[in-house]
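Just so you know, the protein sequences line up as chains B, H and S, in that order.
Per the numbering used here, residue 1 is the first one in the first sequence, and the count goes up by one each step.
Per the numbering used here, residue 1 is the first one in the second sequence, and the count goes up by one each step.
Per the numbering used here, residue 1 is the first one in the third sequence, and the count goes up by one each step.
Hints listed in this document are in silico derivations from the structure and should not be mistaken for laboratory results.
Hints may be right or wrong, so weigh each one.
[As the list claims (entries may be wrong)] Output of the computed footprint for chain B on chain S, the stretches with three or more beta carbons under 8 Å from beta carbons of chain B: (1) 75-84; (2) 144-151; (3) 246-258; (4) 267-279.
Note that beta-carbon positions come from the ideal geometry of N, C-alpha and C, so glycine has one too.
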Amino acid sequence: VSNRVITFTTDFGSADAYLAAMKGVALGIVPDLTLVDITHEVPPQDIAHGAFVLGSAYQYFPVDTVHVAVVDPGVGTRRKAVLVVSPTGSFVGPDNGVLSYVLKDYMTFDQVQFKSTEFARPVVITVPSDCQVYELTNPEYWHHPVSSTFHGRDIFAPVAAHLASGVQQENVGESIQELVFLNLFTLRRSDDRVEGEVIYIDRFGNLVSNIQKDSLPDREIVIELAGVTISGLSRTFSDADSLLALIGSHGYLEVAGNRGSAARRLGVEVGATLTVRRR
Amino acid sequence: VSNRVITFTTDFGSADAYLAAMKGVALGIVPDLTLVDITHEVPPQDIAHGAFVLGSAYQYFPVDTVHVAVVDPGVGTRRKAVLVVSPTGSFVGPDNGVLSYVLKDYMTFDQVQFKSTEFARPVVITVPSDCQVYELTNPEYWHHPVSSTFHGRDIFAPVAAHLASGVQQENVGESIQELVFLNLFTLRRSDDRVEGEVIYIDRFGNLVSNIQKDSLPDREIVIELAGVTISGLSRTFSDADSLLALIGSHGYLEVAGNRGSAARRLGVEVGATLTVRRR
Amino acid sequence: VSNRVITFTTDFGSADAYLAAMKGVALGIVPDLTLVDITHEVPPQDIAHGAFVLGSAYQYFPVDTVHVAVVDPGVGTRRKAVLVVSPTGSFVGPDNGVLSYVLKDYMTFDQVQFKSTEFARPVVITVPSDCQVYELTNPEYWHHPVSSTFHGRDIFAPVAAHLASGVQQENVGESIQELVFLNLFTLRRSDDRVEGEVIYIDRFGNLVSNIQKDSLPDREIVIELAGVTISGLSRTFSDADSLLALIGSHGYLEVAGNRGSAARRLGVEVGATLTVRRR
Chain B
1 VSNRVITFTT
11 DFGSADAYLA
21 AMKGVALGIV
31 PDLTLVDITH
41 EVPPQDIAHG
51 AFVLGSAYQY
61 FPVDTVHVAV
71 VDPGVGTRRK
81 AVLVVSPTGS
91 FVGPDNGVLS
101 YVLKDYMTFD
111 QVQFKSTEFA
121 RPVVITVPSD
131 CQVYELTNPE
141 YWHHPVSSTF
151 HGRDIFAPVA
161 AHLASGVQQE
171 NVGESIQELV
181 FLNLFTLRRS
191 DDRVEGEVIY
201 IDRFGNLVSN
211 IQKDSLPDRE
221 IVIELAGVTI
231 SGLSRTFSDA
241 DSLLALIGSH
251 GYLEVAGNRG
261 SAARRLGVEV
271 GATLTVRRR
Chain H
1 VSNRVITFTT
11 DFGSADAYLA
21 AMKGVALGIV
31 PDLTLVDITH
41 EVPPQDIAHG
51 AFVLGSAYQY
61 FPVDTVHVAV
71 VDPGVGTRRK
81 AVLVVSPTGS
91 FVGPDNGVLS
101 YVLKDYMTFD
111 QVQFKSTEFA
121 RPVVITVPSD
131 CQVYELTNPE
141 YWHHPVSSTF
151 HGRDIFAPVA
161 AHLASGVQQE
171 NVGESIQELV
181 FLNLFTLRRS
191 DDRVEGEVIY
201 IDRFGNLVSN
211 IQKDSLPDRE
221 IVIELAGVTI
231 SGLSRTFSDA
241 DSLLALIGSH
251 GYLEVAGNRG
261 SAARRLGVEV
271 GATLTVRRR
Chain S
1 VSNRVITFTT
11 DFGSADAYLA
21 AMKGVALGIV
31 PDLTLVDITH
41 EVPPQDIAHG
51 AFVLGSAYQY
61 FPVDTVHVAV
71 VDPGVGTRRK
81 AVLVVSPTGS
91 FVGPDNGVLS
101 YVLKDYMTFD
111 QVQFKSTEFA
121 RPVVITVPSD
131 CQVYELTNPE
141 YWHHPVSSTF
151 HGRDIFAPVA
161 AHLASGVQQE
171 NVGESIQELV
181 FLNLFTLRRS
191 DDRVEGEVIY
201 IDRFGNLVSN
211 IQKDSLPDRE
221 IVIELAGVTI
231 SGLSRTFSDA
241 DSLLALIGSH
251 GYLEVAGNRG
261 SAARRLGVEV
271 GATLTVRRR
């Protein structure tokens, strides 16, 4: 029997004891786990940021992996704690949109278009048909006493460890049909142009947009961002002298600097508008 | 047989090779270890900081875990290298106070009151009766040649791995009866007030004090810190508009900002005085 | 059977999903790997820096460890992807010098002296006789589709996992006889003096030079750096009041501040000249 894998995506940083406490609790339940950090450098309480990082990593893990996502500004309030079981992994975390990229992968293009709400606003969706969702209501699988400020340690990590040890998904709580989802993927499209937003900026200053390859007009394109125009798609980061656009390893259209930060050069932040049109 | 767990708490950061060298040495002795980072972001040579983080995490790990603590400004000098075996875990590290929070958990309230010495000063204590302590004097379990600057790699990690592989605690060195302890927990108390210090500031800017729940006058309290007064205890970080006080997930009285850093707002550092009194 | 160990040395940082994607791919191939981070804090695209950290850590790991090194500014261009098998470990990464410290350990002192080229310049060398090198040309062991921007995830991590699972080294690609090597180790020597460079600055501000113990005139030495003169070698960081020199735990001559950053005090960067002469 192989070790089961649990991953962690949090805004805890790596300086405090929070993360280790979660891992200790999990190892106390199942000693032979393989624990993998996705990231702990999510900016404090930035749910959309954490959602992106988890959404860019989970699909590379074995399908029996349990992913723990804790970016949880509403801890101790009425926000639900949930388990989402998808065909490509199981996920535990707060019901606040941190699983949006996972859910999106099981929604149609039309389902993720919320034209009347602004970028990054939470909306309530029906659970995609390929997924099952449970509210974590069964305290049998929690670490007691349960604090009101640290459900990562007291609810999410122990539930994940119990799931990894073979506890059935139905046992962790009540099946539910609705979830919070962040409106990060709405595009404005016409015949010859598509408009989206910068959804993520990585360590290298690359600007990742919410425009996926399938939504591009064709390969003869021009990208506009922050008053700058980029012609065509590059294949590698070495292809252009300064700014370039390419389909990044996440599968999204990305604006990058060749050996320098595009974010710094353009002064662009998450939420900035990006337009792609036919040349 | 399950993998044995070794944890690491250091001030090495994550940029250099020091940590990996320790892990490599440990895996060379026992290939099937589960290695967990508690933190490596202890500010360089800040023993009290490292002691707090380890002290907030160790109790969540299986009791047969071996914890390695290396915040070691005196490496290569006469300071002892020690193994502390407690009912809730084994610990290897320098005898400089980095295990103070672990030891405190086995001392009475009166034993941790050192009224005549200043905050954070090292004192010498007798080993608590539930613990056994050994000076690491047996070179059989070290990595050779032993450097004079990196005992983490050459003494602490290999001893931890040998302990995890089943070496008996008595074999690593001589039993000793005294240890260095940091005076972090002394409170000034009267009938209706208790005065302590800020002992830790976390990533979110939360100010953790050395006042535990048991030492509070009662629930109708007022907290004073840096000229600010906070009334009563909150249950979650969302309960108040700006500054709030609560019993944090570490079990200590903590002053936090709701969605903002209390440390930055108050300009407070470790060592600042905090007073709790009856309303 | 023990878990096989794979290590990672990258410039990916710990904030983005890149590292987790690599680990997920590896665990998808071999679920029972032990994954160890050497560092991900290599400054972006700083090949020499990454080479130093890997070169300071690999020798402490079991010899059947597979080390993955991804500091890869040329990803997607013609630079080769390689496997280096040495007597003390296997290494996969781009052929851009990131394995220079590993190769150096199998070269003679004369072989690493490239007097006509400047510090840190890439040169082409013949593979050392104790090593075998393969260009990664067999797509059977890659993760598909292969992107042009992220060979860490698509080539290096899956090849490492397949090697860890027992795939023979000959199967990953064609044997090659030449490699890129960074000229980091050239010293200027005369009878009573040796001149080298600062090759690395660690978290503590210690200045590591490329002068190894064997190259020192004798123990009665004077070290000159940035207009400052240090007499003799110390044994520990506590031995001197301010600046001191010692043979660091990496085996190189190092200039350190006692409880303070020597780099900051001297205003020195990588590449600075350091002279050792007889007193």
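To see whether the hints hold, each was checked on the structure:
Coverage of the segment 75-84 of chain S by chain B holds. Counting CB-CB distances below 8 Å, 3 residues qualify, and the rule asks for three or more. Coverage of the segment 144-151 of chain S by chain B holds [criterion: at least 3 residues with CB-CB distance below 8 Å; count 4]. Given a C-beta distance limit of less than 8 Å, the hint that chain B covers the segment 246-258 of chain S is violated, as 0 residues qualify and 3 are needed. Note: the segment 267-279 of chain S has 0 residues with beta-carbon separation from chain B under 8 Å; the three-residue rule is not met and the coverage is violated.
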